[in-house]
Amino acid sequence: MSNVIQNNLELLKRLHIDIYNHDFLLTWERTNDEIKAVLTVAQLMNNLHKEGISFRSFDTGLAISIFRDNSTRTRFSFASAANALGLGLSELDEEKSQIAHGETVRETANMISFLAEIVGIRDDMFLGEGNKYMREFGAAIQEGYEQGILHQRPNIVNLQCDIDHPTQALADLMQLKNTFGSLENLRGKKIAMTWAYSPSYGKPLSVPQGIIGLMSRFGMDVSLAYPEGYGLIPEVVELAKKQSVQHDSKFEVVNSMDEAFKNADIVYPKSWAPYHVMQRRTILLSNNDKPGLKELEKECLANNAKFKNWECDEQKMKLTKNSEALYMHCLPADISGVNCIEGEVSKNVFEKYRLATYAEASYKPFVIAAIMFLMRMQNPAEKLQAIVNRNQKRSV
Amino acid sequence: MSNVIQNNLELLKRLHIDIYNHDFLLTWERTNDEIKAVLTVAQLMNNLHKEGISFRSFDTGLAISIFRDNSTRTRFSFASAANALGLGLSELDEEKSQIAHGETVRETANMISFLAEIVGIRDDMFLGEGNKYMREFGAAIQEGYEQGILHQRPNIVNLQCDIDHPTQALADLMQLKNTFGSLENLRGKKIAMTWAYSPSYGKPLSVPQGIIGLMSRFGMDVSLAYPEGYGLIPEVVELAKKQSVQHDSKFEVVNSMDEAFKNADIVYPKSWAPYHVMQRRTILLSNNDKPGLKELEKECLANNAKFKNWECDEQKMKLTKNSEALYMHCLPADISGVNCIEGEVSKNVFEKYRLATYAEASYKPFVIAAIMFLMRMQNPAEKLQAIVNRNQKRSV
Amino acid sequence: MSNVIQNNLELLKRLHIDIYNHDFLLTWERTNDEIKAVLTVAQLMNNLHKEGISFRSFDTGLAISIFRDNSTRTRFSFASAANALGLGLSELDEEKSQIAHGETVRETANMISFLAEIVGIRDDMFLGEGNKYMREFGAAIQEGYEQGILHQRPNIVNLQCDIDHPTQALADLMQLKNTFGSLENLRGKKIAMTWAYSPSYGKPLSVPQGIIGLMSRFGMDVSLAYPEGYGLIPEVVELAKKQSVQHDSKFEVVNSMDEAFKNADIVYPKSWAPYHVMQRRTILLSNNDKPGLKELEKECLANNAKFKNWECDEQKMKLTKNSEALYMHCLPADISGVNCIEGEVSKNVFEKYRLATYAEASYKPFVIAAIMFLMRMQNPAEKLQAIVNRNQKRSV
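Residue numbers (our numbering), protein chains in the order written: chain A, 1 to 396; chain B, 1 to 396; chain C, 1 to 396.
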């Protein structure tokens, strides 16, 4: 057994956490110790997996996923995490565009939860709706549990909503921790979370919001950059600013990719739709106003086209610390000359960091497994110690 | 370990049952002892689950589901039951409207069954077809087994057909048993199985038929109520009558919701399409006659609209025993002012019994698990005793 | 424990194989010993299953399937095999018609493989594409593994491509082995792999190619028959010829079903689209040229119709060895008077051999499980010995 496993186990024992039987909806609802606990357990499970050791924790039980928007990598990350923990996977296949609130949520939430341990939800299409839906779901199963309908209350993990994408942001943080050696080493590092040009429109705000909402807590200097008019949800930006003050680091909003890249240790160039466009889009989607949506898309793409120079290319990378900032992306990226004519990142820059982005993505199944484990286990360190001692190989 | 578990185990040992390796297609093909065995095992598993004890019974093996009509709660109940028993779930995704009989059933049935333990089938759209399909499927795998193609013959569980909905009716009976304290206490209780108004049409007959076909055997007085012309399959009504005579209880058919509700201990107001409409609809569906179906729907909804007063409201509930009969529904209900303008039940009545209907639904995964277990285990009491003694926690 | 199990275990120990951690893409890339190892392990697992003994080999882990064309029996075979080995199943649900090469394959392959053991791929629609896609996928995960992104490299099993259908051909060989008593007994037996009439068009070439590519290696005399113009991929026919020379058996191509049937011990009448039609179709499909496809279909069906007498009927069966050659088919067959007016085989012939074709199909889950096992286990005989000794029942 590697030292990494034993060290992470010892670290976990020292953390003060209260994740057991809570939903995991926004990273900023969890303490720094709790964030560290997720990374610690994820790293431990990652190493167990590398050594061929099973961290199966359940004999039976269901992990249910509700994807109200398309997904490939988060879907597989969730499936992988569930399987590794010994849970069976069941997907609730809703009509994607049909947002069902009120009575239906209350009932459905209970109907699918009788033997469930975990419910993973992606609901990121409508501003003001996704996170709210998760909380309505949570309130419904809480009532079901308190009224004796459910023997146990499953916990919800946010697989991307309109506000945050916690499992992505935590996988990103794990990538930073492993790239720079430790969370402590991140202090004073500059991360440029910047808008980038894309030939498509309507990309959610949850990734940039998740990044500024998490990285502002670990001593990193956050530079948020976007063309005028491409702002995020104001409340999340305010929160990130406040956190930076609390954690004694810098936070700035600029309207220039170059400025954000200057001296940056990490760059995260990623397209998104402006907040006010997402607001208009939410109303149009709710009204199923197809001509209106078409018109908005046209207007929006025309506006995007003014900012084609917001591309992460080799010239811009030269502005960064020693010309070699770490490039990050949640994938898939719009790569100029590969899957689009002009996009978020040039072919050369992406190719240089391609495997780094794969490594970044590789942490997500373990982050999700760690969150599931911490939500379901009252004494997680004790239980993990038992799993480590058990030393059960994954195959005969 | 709770007394409930030990008591149910003792009860099971005293029952004379022959469920092993038989399909479970209609409740009235099973003896009272066999019905009791299902409830007994379901209750035992329910308590094991409540105490966090696994009742996993299979190391590997498949439970296959074939849903020829939409389903959320039965789908999740089946998935939950399969997972709790340790079986993997595989769904056969057929074209929903394509009814494939003859050669194809014979072949497909064998092709998917090589490593299967259980096949769950929902086929409730066509009168005269669903149950028949299940029997064709059963005959095909019986041949496959007898001819040495299949190492073992999987068993079929009816997840709703044109005639019966046994897993629903059994969950309902379990709810009655737990509400009134015992099966014995149900003797002399009056249950009103009544049609109710709905703004939709074409709802299957299997729920009301399942209820009158099962409850007429446990000493309950059954009052079946519907507006003139809304009859069920005549043979099932005849069977229910006969059973009532055999079990020394009452059975009546009335054309008034009020009359059925009078002094009732239990009310089950639920919409369905008239038998003769379902017959016409089956022919139109078989011919894929879309204008004909549209015409029938129009005619039918117009007819339904004459009976909007068949709504279970507070006034009607006052007619019941002490004004507080147990309200039952298989869910989802058409609730006036909630998910429709006028429907089966008023908002206030539904809200009062909402959690009771959730509890009713909560038994279904355990009923299905119990049926699966009893179909596959030659000495179920012995095996359950071993599971109870094993005392394996569901998680580390 | 039956002797069959012990004998196959001893046989496996004597074979020289190098399957561990290799993809399984074409039978002719594997040595005769490796082919024998697959049949040996499949037979052993088949017997363990028959005796109710589990051959579960994994505690956790994913088997991922990518079906770029429809499938029922291979899908269930793969699901059954994965479940029997203890692997969870996850399907990648791509747009069926969208062939995504280049960057996307490289990325997707890694994104879904972090916790995967096996990836099963069906991609048989486009000549020159399917097998190539599998190799691109393999190269991508190989890079991911070598660069430290993947802890382990999953292995790919070809579930049908444009060139070969190895799991089908191996199940067919297993059927021959069991019908004639041993692989050795197949020497000198004549197998007629012949085209047959079908009222549909565009059926893949992989089954006939798989058959001539495998059976030409086990001493069987292969007679490949088709109407002029209905040739297979020339390179595969060349390969089969060469193999026949190496293994000292006969190989012929004839343009008469009668001639192929003459004195045959085994007949495999099965429709396919001519090679040059598949080439044209691939271009039309790539260009999404619907009128062109319609035109090609029309032309092709008209051409097929000239060969309606290529039906396997009782008269033709009389030409075979003692009038009782073994009839084989990968199913579903086009059966005259059953699921089409005129087809590949007459009703009487099919009915006589129907159960034999079911038996043939029954080996596929075990063949797939055997391939998976051999790809993942470094010392398969030792591991199987442990599984046999463990003697774990499949159910409590």
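Because the hints were derived from the structure by calculation, they are not lab data.
Hints should not be assumed to be uniformly reliable.
As the list claims (entries may be wrong) - Taking lysine-lysine and the DSS-like style, the derived pairs with C-alpha atoms no more than 30 Å apart in a straight line are:
1. B/K290 / A/K36
2. B/K290 / A/K132
3. C/K383 / A/K393
4. A/K290 / A/K13
5. B/K290 / A/K290
6. C/K294 / C/K308
7. A/K50 / A/K203
Claimed, not checked - Incomplete in silico selection of chain A near chain B, CB under 7 Å:
8. D59
9. T60
10. S90
11. I112
12. Q142
13. Y145
14. I149
15. A386
16. V388
Every residue gets a Cβ at the ideal spot worked out from N, C-alpha and C, and that includes glycine.
Tested hints:
Annotation: proposed proximity of B/K290 to A/K36 is violated, straight-line Cα distance about 60 Å (limit 30 Å). With a C-alpha separation of about 40 Å, the suggested pairing of B/K290 with A/K132 is violated against the 30 Å cut-off. Taking the CA atoms of C/K383 and A/K393, the gap is about 13 Å. The hint holds against a cut of 30 Å. With a C-alpha separation of about 54 Å, the suggested pair A/K290 and A/K13 falls outside the 30 Å cut-off, and the hint is violated.
Distance check on the hinted pair: B/K290 and A/K290 sit about 27 Å apart at the alpha-carbon level, within 30 Å; holds. Distance hint between C/K294 and C/K308 is fulfilled; the C-alpha atoms sit about 21 Å from each other, no more than 30 Å. A C-alpha spacing of about 34 Å is found between A/K50 and A/K203, which places the hinted pair above 30 Å, so the restraint is violated. The restraint placing A/D59 at the interface with chain B holds, with a minimum CB-CB distance near 4 Å, inside the 7 Å limit.
This hint holds: A/T60 has a C-beta 5 Å from the nearest C-beta of chain B, less than the 7 Å allowed. Taken as an interface hint, A/S90 checks out: its beta carbon lies about 5 Å from the nearest beta carbon of chain B, inside 7 Å. With its C-beta approaching chain B no nearer than about 5 Å, A/I112 sits inside the 7 Å limit, and its interface hint holds. About 13 Å separates the beta-carbon of A/Q142 from the nearest beta-carbon of chain B, more than 7 Å, and the hint is not met.
At about 11 Å, the closest approach between the beta carbon of A/Y145 and any beta carbon in chain B exceeds 7 Å, and the interface hint on this residue is violated. Against a cut-off of 7 Å between C-beta atoms, the interface hint on A/I149 holds, since the closest Cβ of chain B lies about 5 Å away. Taking 7 Å as the C-beta contact cut-off toward chain B, the hint placing A/A386 at the interface holds, the least distance being around 6 Å. The criterion of a C-beta within 7 Å of any C-beta in chain B is not met by A/V388, whose closest approach is roughly 11 Å, and the hint is violated.
Consistency note: the structure conflicts with the earlier hints numbered 1, 2, 4, 7, 12, 13, 16.
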